[in-house]
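We have chain A; now place chain B onto it with these hints.
Protein chains: 2
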Amino acid sequence: MGAVTPLVKENKPSGSVKPIVDLTKADMERVNALILSKAGSDVEMIPEVANHLISSGGKRLRPMLTLATAQMFGYQGDSHVRLATSVEFMHTATLLHDDVVDESDLRRGKSSARMIWGNQASVLVGDFLLGQAFRMMVETGSMEALRVLSDAAALIAEGEVFQLAVSKKMETTKDDYIAVIRGKTAELFAAAAEVGPIIAGASAEEQQALRNYGMNLGLAFQLVDDVLDYGGSSADLGKNVGDDFREGKITMPVILAYQHGDDAEKAFWRKAMEDGENDDAALEKARTLIARHNALNASVSLALEYGEAARRALAFAPDTPVRDALMDVVDFCIARIS
Amino acid sequence: MGAVTPLVKENKPSGSVKPIVDLTKADMERVNALILSKAGSDVEMIPEVANHLISSGGKRLRPMLTLATAQMFGYQGDSHVRLATSVEFMHTATLLHDDVVDESDLRRGKSSARMIWGNQASVLVGDFLLGQAFRMMVETGSMEALRVLSDAAALIAEGEVFQLAVSKKMETTKDDYIAVIRGKTAELFAAAAEVGPIIAGASAEEQQALRNYGMNLGLAFQLVDDVLDYGGSSADLGKNVGDDFREGKITMPVILAYQHGDDAEKAFWRKAMEDGENDDAALEKARTLIARHNALNASVSLALEYGEAARRALAFAPDTPVRDALMDVVDFCIARIS
Numbered sequence: 553m554g555a556v557t558p559l560v561k562e563n564k565p566s567g568s569v570k571p572i573v574d575l576t577k578a579d580m581e582r583v584n585a586l587i588l589s590k591a592g593s594d595v596e597m598i599p600e601v602a603n604h605l606i607s608s609g610g611k612r613l614r615p616m617l618t619l620a621t622a623q624m625f626g627y628q629g630d631s632h633v634r635l636a637t638s639v640e641f642m643h644t645a646t647l648l649h650d651d652v653v654d655e656s657d658l659r660r661g662k663s664s665a666r667m668i669w670g671n672q673a674s675v676l677v678g679d680f681l682l683g684q685a686f687r688m689m690v691e692t693g694s695m696e697a698l699r700v701l702s703d704a705a706a707l708i709a710e711g712e713v714f715q716l717a718v719s720k721k722m723e724t725t726k727d728d729y730i731a732v733i734r735g736k737t738a739e740l741f742a743a744a745a746e747v748g749p750i751i752a753g754a755s756a757e758e759q760q761a762l763r764n765y766g767m768n769l770g771l772a773f774q775l776v777d778d779v780l781d782y783g784g785s786s787a788d789l790g791k792n793v794g795d796d797f798r799e800g801k802i803t804m805p806v807i808l809a810y811q812h813g814d815d816a817e818k819a820f821w822r823k824a825m826e827d828g829e830n831d832d833a834a835l836e837k838a839r840t841l842i843a844r845h846n847a848l849n850a851s852v853s854l855a856l857e858y859g860e861a862a863r864r865a866l867a868f869a870p871d872t873p874v875r876d877a878l879m880d881v882v883d884f885c886i887a888r889i890s
Numbered sequence: 553m554g555a556v557t558p559l560v561k562e563n564k565p566s567g568s569v570k571p572i573v574d575l576t577k578a579d580m581e582r583v584n585a586l587i588l589s590k591a592g593s594d595v596e597m598i599p600e601v602a603n604h605l606i607s608s609g610g611k612r613l614r615p616m617l618t619l620a621t622a623q624m625f626g627y628q629g630d631s632h633v634r635l636a637t638s639v640e641f642m643h644t645a646t647l648l649h650d651d652v653v654d655e656s657d658l659r660r661g662k663s664s665a666r667m668i669w670g671n672q673a674s675v676l677v678g679d680f681l682l683g684q685a686f687r688m689m690v691e692t693g694s695m696e697a698l699r700v701l702s703d704a705a706a707l708i709a710e711g712e713v714f715q716l717a718v719s720k721k722m723e724t725t726k727d728d729y730i731a732v733i734r735g736k737t738a739e740l741f742a743a744a745a746e747v748g749p750i751i752a753g754a755s756a757e758e759q760q761a762l763r764n765y766g767m768n769l770g771l772a773f774q775l776v777d778d779v780l781d782y783g784g785s786s787a788d789l790g791k792n793v794g795d796d797f798r799e800g801k802i803t804m805p806v807i808l809a810y811q812h813g814d815d816a817e818k819a820f821w822r823k824a825m826e827d828g829e830n831d832d833a834a835l836e837k838a839r840t841l842i843a844r845h846n847a848l849n850a851s852v853s854l855a856l857e858y859g860e861a862a863r864r865a866l867a868f869a870p871d872t873p874v875r876d877a878l879m880d881v882v883d884f885c886i887a888r889i890s
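Protein sequence lines correspond, in order, to chains A and B.
First residue of the first sequence? That's 553 in the numbering used here, and the numbers climb one at a time after it.
First residue of the second sequence? That's 553 in the numbering used here, and the numbers climb one at a time after it.
Just chain A, with the same shape it has in the complex (with noise of 0.2 angstroms):
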């Protein structure tokens, strides 16, 4: 491993979803009821894709936020539930979409869905997803909530597109990255915790204080993933390490250990990522050169910033169970740096 030193250990949190996966689990049988139910049809095809990602063990965060800044304005109803489930089938379309995108053959630690059944099944599915996410959004009734989703639905894709048209590109400057992870991440975590309030009828600035928090959370989530890229391991992070080098994905700390490299390093680094020269021993020299330039670290720092920018926009709120479950999200989405 040569020169790889370890993440930084100080001021990391050690926080964990148990406290909002026991809030909201009487709700999340319902979503996962939900769940099974809406990815139904009598093309089979459909149940057996979509079960297969579905079933496959993701921590369902993002319709638990929904569920429990609902929970957070004392909602009563039931459309809190229906928002939850769209929440997560718009997550599964991307990642059924993003697996074809990337050409990617893992997808939490099992074959990738387009591995079993073709790309085609893979994008096909996943249009149906996203139809049936609309559909449970118009059950519930409320415009203001579909305003939210599909303004995320549009701002997601051309994340995900800007993420394309800087990828190989060493040229991607910070801000560049940050606006492709606010894209492709970040505003689901925010409209998930926006839709919330929103269907609980509480004020506007209660509704974007939240929308705050799940932007300023997506941010931190999105930059410990790229970390865990190049330097977690395979069974924790359900993809292969070094993915993203391997697919010319310019993450935060590349463009870091890059912007502060000597020109031999900046032409290792053009190599890599713009020509595919990107081995086992790329990527090894690769982790090296991020090490040197502390870019893990730093990067890991810029989570830990936006993360308290996730706890701040909670300040408002009264000292619940509830508001104190979602500030253990903030610190268990760090905390995955271990």
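No wet-lab data here; the hints were simulated from the structure.
Fair warning: this is a prediction, and the values are worked out from it, not measured in the lab.
The list cannot tell twin chains apart, which means a pair is met if one copy fits it or any two copies do.
Calculated cross-link-like contacts (lysine to any residue; reagent style SDA-like; alpha-carbon spacing at most 25 angstroms): (1) K721 to G592; (2) K721 to H604; (3) K801 to G670; (4) K801 to M667; (5) K721 to I668; (6) K720 to D594; (7) K720 to H812; (8) K662 to A717; (9) K823 to G670; (10) K721 to W669; (11) K721 to D594; (12) K720 to E596; (13) K721 to D831; (14) K611 to P873; (15) K801 to E600; (16) K726 to L780; (17) K720 to H604.
For chain B alone, coordinates are given in the frame of chain A:
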């Protein structure tokens, strides 16, 4: 060409889209402006990919249906322009995803987007346009239009997955096939024609009548498309003749020829469609067998029946220029067989 006989000419209507084009001209200019604006993005790849397809000269029949059916009930606002644009974006998104699914190299006579920008861009820009479509629906404030179009989004994808599931399967029945094209094609025609009366505040009966019109028109339209794939020319069709055959897509002419074929012919079809023995000689033989069993004429007859049902659905309406124009669209769709 051997034994290929000419298509039925008797009773063939000779409709025109000119009346509907003329009636919706002013509104379509607003739709076209909105298409350009809503396909815009700071991420340059999005308008590039979207405009490649958007500017390639589709007839924009579906948005014209929305505009004309709103006009039919005296609509005076501007939500029909947004809904018509949403319908066209849903269609464009489907085409982008279809090209990936079918691995097509041609679309409307030009290189398909996926050949120029790759599968990735086609998947993601399709997702973006779908998101933009839902945002525009939300802008109209019509929950009922959202219900109809989100139903359509899910049912279109379901039809496409069903097509994938029965692809290369010679046991596909006529009923299976009608279910496929109902989803993949007719649902969007039906929705396009239904949201016009909805936004105009027409009665539930009127909405249902226009929905029936669109549904039957869509079925006729797709059956004609399938016939053209074995009988038209590449220039007319904007794709290659025999594409369906080479992709192992089971369409009505194939189903009918297979059902009436002897054991040797059935063996030929299975080899061609299921095992992929589909070179030019095989295509030629397929056309001969289709002609021998009169399968193109039978498919055209079926299209004529659906066309008749579409016309009947309009019988309730007063004899106005809009109603006549919608009748002419039916005849035009069928008259593409020349």
